[in-house]
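Participant: Order-wise, the sequence lines are chains A and B. If you want the working numbering, it's the position in the first sequence, counting the first as 1, plus 265. If you want the working numbering, it's the position in the second sequence, counting the first as 1, plus 265.
It cannot be assumed that every hint is accurate.
Treat identical chains as interchangeable: a pair holds within one or across any two.
Said to hold, decoys possible - Derived pair list, reagent style DSSO-like, types lysine-lysine, alpha-carbon separation capped at 30 Å:
1. K524 x K685
2. K454 x K600
3. K483 x K278
4. K686 x K278
5. K388 x K278
6. K413 x K600
7. K669 x K483
8. K388 x K669
9. K288 x K685
10. K669 x K271
Calculated directly from the structure, the hints in this document are not laboratory data.
2 protein chains.
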Amino acid sequence: MSIYIKNVLLDEKTTNILIHGNKIAGIGIDIEQPTGANVIDGQGKAAFPTFANSHGHAAMSLFRGFGDDHNLGDWLNQWIWPNERNLDPEIIYWGVRLACLEMIKSGTTAFADMYFFLPDAAKAVEESGIRAILSHSFVDLHNPDMAKSVRKEVEGMESIICDWNSSHERTKLSIAPHAIYTVSNETLKFFAEFCTRHNLIYHIHMSETLTEVENSLKENGCRPYELMERLGILEQTGSRFIGAHSLHLSPEEIGLIGKYHCNVAHNPNSNLKLASGHQFFYNELRDAGVNVALGTDGCSSSNNLDMIEAAKVMSLLQKGWRQDPLSMPAPETLKVATRNGFTAMGIDAGELSEGHLADLMLVDLNNIAFVPNNNSTSNLIYAAHGDCVDTVICNGNIVMQGRKVAEEENVIREAQRVVKKLITVRPA
Amino acid sequence: MSIYIKNVLLDEKTTNILIHGNKIAGIGIDIEQPTGANVIDGQGKAAFPTFANSHGHAAMSLFRGFGDDHNLGDWLNQWIWPNERNLDPEIIYWGVRLACLEMIKSGTTAFADMYFFLPDAAKAVEESGIRAILSHSFVDLHNPDMAKSVRKEVEGMESIICDWNSSHERTKLSIAPHAIYTVSNETLKFFAEFCTRHNLIYHIHMSETLTEVENSLKENGCRPYELMERLGILEQTGSRFIGAHSLHLSPEEIGLIGKYHCNVAHNPNSNLKLASGHQFFYNELRDAGVNVALGTDGCSSSNNLDMIEAAKVMSLLQKGWRQDPLSMPAPETLKVATRNGFTAMGIDAGELSEGHLADLMLVDLNNIAFVPNNNSTSNLIYAAHGDCVDTVICNGNIVMQGRKVAEEENVIREAQRVVKKLITVRPA
Numbered sequence: 266m267s268i269y270i271k272n273v274l275l276d277e278k279t280t281n282i283l284i285h286g287n288k289i290a291g292i293g294i295d296i297e298q299p300t301g302a303n304v305i306d307g308q309g310k311a312a313f314p315t316f317a318n319s320h321g322h323a324a325m326s327l328f329r330g331f332g333d334d335h336n337l338g339d340w341l342n343q344w345i346w347p348n349e350r351n352l353d354p355e356i357i358y359w360g361v362r363l364a365c366l367e368m369i370k371s372g373t374t375a376f377a378d379m380y381f382f383l384p385d386a387a388k389a390v391e392e393s394g395i396r397a398i399l400s401h402s403f404v405d406l407h408n409p410d411m412a413k414s415v416r417k418e419v420e421g422m423e424s425i426i427c428d429w430n431s432s433h434e435r436t437k438l439s440i441a442p443h444a445i446y447t448v449s450n451e452t453l454k455f456f457a458e459f460c461t462r463h464n465l466i467y468h469i470h471m472s473e474t475l476t477e478v479e480n481s482l483k484e485n486g487c488r489p490y491e492l493m494e495r496l497g498i499l500e501q502t503g504s505r506f507i508g509a510h511s512l513h514l515s516p517e518e519i520g521l522i523g524k525y526h527c528n529v530a531h532n533p534n535s536n537l538k539l540a541s542g543h544q545f546f547y548n549e550l551r552d553a554g555v556n557v558a559l560g561t562d563g564c565s566s567s568n569n570l571d572m573i574e575a576a577k578v579m580s581l582l583q584k585g586w587r588q589d590p591l592s593m594p595a596p597e598t599l600k601v602a603t604r605n606g607f608t609a610m611g612i613d614a615g616e617l618s619e620g621h622l623a624d625l626m627l628v629d630l631n632n633i634a635f636v637p638n639n640n641s642t643s644n645l646i647y648a649a650h651g652d653c654v655d656t657v658i659c660n661g662n663i664v665m666q667g668r669k670v671a672e673e674e675n676v677i678r679e680a681q682r683v684v685k686k687l688i689t690v691r692p693a
Numbered sequence: 266m267s268i269y270i271k272n273v274l275l276d277e278k279t280t281n282i283l284i285h286g287n288k289i290a291g292i293g294i295d296i297e298q299p300t301g302a303n304v305i306d307g308q309g310k311a312a313f314p315t316f317a318n319s320h321g322h323a324a325m326s327l328f329r330g331f332g333d334d335h336n337l338g339d340w341l342n343q344w345i346w347p348n349e350r351n352l353d354p355e356i357i358y359w360g361v362r363l364a365c366l367e368m369i370k371s372g373t374t375a376f377a378d379m380y381f382f383l384p385d386a387a388k389a390v391e392e393s394g395i396r397a398i399l400s401h402s403f404v405d406l407h408n409p410d411m412a413k414s415v416r417k418e419v420e421g422m423e424s425i426i427c428d429w430n431s432s433h434e435r436t437k438l439s440i441a442p443h444a445i446y447t448v449s450n451e452t453l454k455f456f457a458e459f460c461t462r463h464n465l466i467y468h469i470h471m472s473e474t475l476t477e478v479e480n481s482l483k484e485n486g487c488r489p490y491e492l493m494e495r496l497g498i499l500e501q502t503g504s505r506f507i508g509a510h511s512l513h514l515s516p517e518e519i520g521l522i523g524k525y526h527c528n529v530a531h532n533p534n535s536n537l538k539l540a541s542g543h544q545f546f547y548n549e550l551r552d553a554g555v556n557v558a559l560g561t562d563g564c565s566s567s568n569n570l571d572m573i574e575a576a577k578v579m580s581l582l583q584k585g586w587r588q589d590p591l592s593m594p595a596p597e598t599l600k601v602a603t604r605n606g607f608t609a610m611g612i613d614a615g616e617l618s619e620g621h622l623a624d625l626m627l628v629d630l631n632n633i634a635f636v637p638n639n640n641s642t643s644n645l646i647y648a649a650h651g652d653c654v655d656t657v658i659c660n661g662n663i664v665m666q667g668r669k670v671a672e673e674e675n676v677i678r679e680a681q682r683v684v685k686k687l688i689t690v691r692p693a
């Protein structure tokens, strides 16, 4: 099956894009329309790669706006944990469908996730038509008995993970240690060995708060990334490592992340909203050769999955705290939000040129953010929001056209239904 | 003419809203539908006050995305100024229509503006159906000859301004000194007297950059707001004073702004993007009794007019730089973006209760930012963007319903046409 996108704006020039199967087969004004192709009229539209959301907790979309503006302890103890006990496969399934719908509607076709009930979550992503790496998140609270049961649980998941991964192209399963302060060194290492044996992404919250760093210095005598190196994990996992947040870093740690070619998933909105910090070392990481990707984090902390908004905040925040209006210009911001995210997930997309996977979107140039269209990349990053996206293609398949997504009304209705099963405790 | 909004969510409860003429006549589940009223079905919608955008340059929408990611000097000298010479009444008219369209589509019904060609700008606002205070911006570059011609020009505008203001309800004209570094003390005082004589808003850029403050200390021996007090302007203009930006303030200046009941227009996106600063003293100003309002600034610096985005960034930035996740909760953020902006402009709107002006909007609860709707204010501020707004009412008139605005396609087409007359110089 071929898709032929005719007369579309790309890099400020009108061109045609041809997709064969799941790949971009050619781009150029001379590329002709093949017989039998599905033709999309690109007039009044601009093509961009889709976004890759490099860190989140998709099913937590159901907690959107629940318990905002409380301190972390109250939020977890009184709002989230008592209700997370209600989680079941059906709630997860519709929560992930809701998240996928929101991502598609704002131009995202891949995400790296950490949560629970992997098979149900993966089914929801498969049926939504986009890509994800879904990692089951574990803690052992540095308790040897818990560590033993985590190990047993992971061993029980081994064949499920391997079977799924060998039979699915767009969705991959993995396991994720939550963070160094909730997972013992032995379990961190066990996970690294497991992920390396099966060639899986090792996704972990790293250096999100100053407290985490201070406690590591106290307990381990070194900073979080130094601990990960000491445990051999950075070397072992390398480019399969995604360190979510990575906000409070020393120059030495930045050097380590670069040395082992690890990935960092930056979540500017979440970091601001939870007051984790606002001075993310983008330039320093980039200059150390680190692949920095962008994430939204879960909807209970950020509170949407719109990568365009996240990209704007990321760029503006760099300019702001560095006092440099030339920091992170629009094209570089776009690359971080697209290509770098796919790279972190080991997916060859995020770049519109021949041979790459066909993950792309068309934005509506009559959306007011593109009026006038003096510079389409600038308009996308600095003026637009997700609603400018008209058409989304993932892996060569159209998942949204004219802003219509299959089963949209049903997904919204079911999400509204299951949230009543999920949230049974509402503090005054 | 009456409007009856039936079964709408307001403060998380279902109610009815009755509008008579240009005012809210009643709110309550017991309020019955009057005969002949225009009935709006509020089911699946939530009502909020509309936004008041307290600082901007509306016609600069036509420069959206033009010359981004350059330093200020290059941007002004090579990109903006050579093209601003092309400005004419037609360009201004369609530029302001475009800005009004964008504001209506994201729930804004009033804005305080600084630019040129007042009558054409005012005509565009009148025809768009919303409110504005449009101030002609002047500089004299501390040059006595220029000061003389500014004074002459202002005197020539006196009858135009007075005639317009006495015959128009929604739009008011005024004059604005650009800033203390571009306007001499004599002209600053002359403007204050003029504005006071005619009961006009005195809108000025204040303390936007550290350089401005440092230069004032050098040249005036005091900080910008201290200069304005010394000149008697704060006392004279009082609650008619809007100090746009007001970013770099001493505790003493914050005290002065509070003492004279002046207004501050905070523009978080512009301040970040231009790297003017990110630590706005919201709490300190509020606690000093200052009416702090929110603005987007012009599209050439921020680059959209979406007050929902601006409100989110304002709130998140406070939490971020103060390292306090409890700073600026959603309801307070909403008040700053709505009620406080109207107050700064001397308009009794921004509050949904009986007797206030009927400026309000209905948001679509099936917009994904409101799914699920655990807390509608939280969803509006932290999850939504302008596209959630379904219906906008200004001064008792419907200006958008079902996201349809009168003449929308025409405004977009004409804006796209006149931008070609405006932008004739495009640096490589």
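Participant: If a hint holds in the structure, say so; if it doesn't, say that too.
Facilitator: Structure-based check of all given hints:
no.	hint	in the structure
1	K524 x K685	neither (48 Å within a copy, 50 Å between copies)
2	K454 x K600	neither (32 Å within a copy, 50 Å between copies)
3	K483 x K278	neither (56 Å within a copy, 50 Å between copies)
4	K686 x K278	between (51 Å within a copy, 21 Å between copies)
5	K388 x K278	neither (39 Å within a copy, 36 Å between copies)
6	K413 x K600	neither (42 Å within a copy, 52 Å between copies)
7	K669 x K483	neither (53 Å within a copy, 60 Å between copies)
8	K388 x K669	within (21 Å within a copy, 38 Å between copies)
9	K288 x K685	neither (41 Å within a copy, 37 Å between copies)
10	K669 x K271	both (20 Å within a copy, 29 Å between copies)
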